[in-house]
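Reconstruct the complex from the two isolated chains, following the hints.
Line by line, the protein sequences are chains A and B. Residues 286 to 538 in the numbering used here are what the first sequence spells out, letter by letter. Residues 710 to 814 in the numbering used here are what the second sequence spells out, letter by letter.
Hints listed in this document are in silico derivations from the structure and should not be mistaken for laboratory results. Check before you lean on any hint, since a few could be wrong.
Claimed, not checked - Derived contacts from chain A toward chain B, CB cut-off under 7 Å, selection only:
(1) 460
(2) 463
(3) 475
(4) 509
Backbone N, C-alpha and C fix where the C-beta goes; we use that ideal spot for every residue, glycine too.
What follows is the residue order along each chain.
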Amino acid sequence: MTTPQTALAPERRRDVLRQSWSVGVATGAYGVSFGALSVAAGLDVLQTQALSTLMFTGGSQFAFVGIIAAGGLAAAPAAIATAALLGLRNGLYAIQNALFLGVRGPRRVAAAQLTIDESTAVGIAQPEPAAQRLGFWHTGIAVFLFWNLATLAGSLLGNALGDPRRWGLDAAAAAAFCALLWPRLRGRDPIATAVLAIFIALLSAPFVPAGVSVILSAVAALVVALGGTQRPDRPDRPTSDGHGHLVGEGPLP
Amino acid sequence: MTMWIAVLLACVACFALKFVGYLVPESWVSGGRTSRITTLLPVALLAGLLAVQTLVGSGGSLVIDARVGAIAVAIVLLLLRANFIIVVLAAAVVAGVLRALGVMA
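Okay, chain B solo, but in the shape it has when bound (with noise of 0.2 Å):
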């Protein structure tokens, strides 16, 4: 598969899921079974993302890097009440700086 197909498809099913929401009843997704799991499913893909994200080096190993030092920071600055351009910057620079000063990989 190249990236272009790869692209491609993942908007296609994002496109699909959009338009099949205005083909169906309504009827269909009412029940509170449904709308329970489509409500925590972003939920445990967005936790499911942060970690491996945080946590996860090259092979699946589990490391400790300058991403855990920039999560901490952004875990403040969000209980802060802080804008997400702020968090995602912040994060970066403080990745930046621990890895310049040679404190964290």
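Same shape as in the complex, but just chain A (with noise of 0.2 Å):
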């Protein structure tokens, strides 16, 4: 984007043009579990197109579809409720990256849509302003495109493979939520409210209507967060690791 990079060396622009590419192509990639998954909960293309480009945001996109999977169309307030709680971080983000980004208007609404935890992770990794701000622009771009085209591209290909149990499909979504889950489980509290929403969520899916034992789970996070221990396992603000991600999240947009 043509907000003024004041001063940044022609090698360090071209390292972190190639960071937030490289990170676009391969956050990107995954948008084909996604377009498969989405059409064989009951989305069609397009519905499954719309949610990649308007709501962007890899983690809530595979929960929304995970509990229509499950429970149809019934279940579309839980579906609605949960991709909106997972989707909670990405404000948090959002706060933080206002600090540099600096955007008004048109541009600010762009900044929102592109704010995922890659583009924050490839902002904050970078030490100078101007770099942030490129590496910002640049990685929400290049996911938003591999994302984007992945997710067609699953979608087409979910559609030619028919009933999704028999491919195992059903297995592949629990998989990708263990794969999201994996890296956020460091330290003790984490560990903590997983086994406790595991627990709540088992325990009253016979008894709720499908996607509501996944919001229930949620309590798990206000009881280890509010009685767990002092001692905080992340720091307060969002952390990259300096390759493209943040300390704690998950593979996806």
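Structural data, given as structure tokens:
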């Protein structure tokens, strides 16, 4: 984008661009699995594409189609609520990014839509503000392009496959949640939260409509956060690992 | 509610959360308790989703089927630091093979 690049040396600029676009390609490719799972859940190709273009936040997208797959349209309120709860962290990234992006008007709308784990990670990993802005914009645009292209490829592939259970796509959805959860399980509090959440979800599942048990599992986060140890397992602010991911975040946008 | 309305409502909610972050002052969320809740919230929801997608069958009953075998393999692969795509593909293959062989439903 055309935010003034105050005196960023050509080689630094090249470095930031290389990092941004390699993160974009690598992360965007995962959109294939989202596209395939979304049509297996009963959404059509256009609805699947709408999620990748308009929602554009991987964890929420997987959660939305996962709950629809389990409970159909009747589970839509639970699917919407879970997607929103998982998208809450993007709002926190936005607060952080606002400090170096300095965006207003239409530019602010674009920045908001591109605010995901990866763009935030690459942005805050840069030492100088000009490189932070460059990294945020290019990573956000790169992930957006490849995530949407891969989603289309995945949904067309999923349509061609037919019966999702025969191809194990229901298990693939479960594995996707497992892989998204995995890097977050660092320290005692996240592990306690996950164990408690699993118990709540399984114990409530027979008694509430599909999807509601997932929302109830969010109580685990409140119990551990308010009742747990006072020592934070993670820093207060999002922290980049220097390779395009935030410390403790998953591999998706 | 139609599927389109559900999709668009969810998209609006997720965008609004991103956008609001550019409007509020930073002091709103600095504070240990808020950041602890927002850090642990995705952990709780993803764990809940994992449990439901692996062990809950139609009508909310708990079932053990090919998905459990697939997740066991996925966990081993994650311990071996396998890539996200590999983990997801392997789980699909394992579940598909278990069903084709008639070992697990």
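Was the hint right that residue 509 of chain A lines chain B, CB cutoff 7 Å?
-> Since the shortest Cβ distance to chain B is 6 Å, the answer is holds.
Can we keep the residue 463 of chain A interface hint, with Cβ of chain B closer than 7 Å?
-> 5 Å, holds
Can the hint on residue 475 of chain A be confirmed by a CB-to-CB distance to chain B that is less than 7 Å?
-> Given a least distance of 5 Å, the restraint on residue 475 of chain A holds.
Does the nearest C-beta of chain B fall within a distance shorter than 7 Å of the C-beta of residue 460 of chain A?
-> 3 Å, holds
Figure legend: structure checked against the earlier numbered hints; every hint is met.
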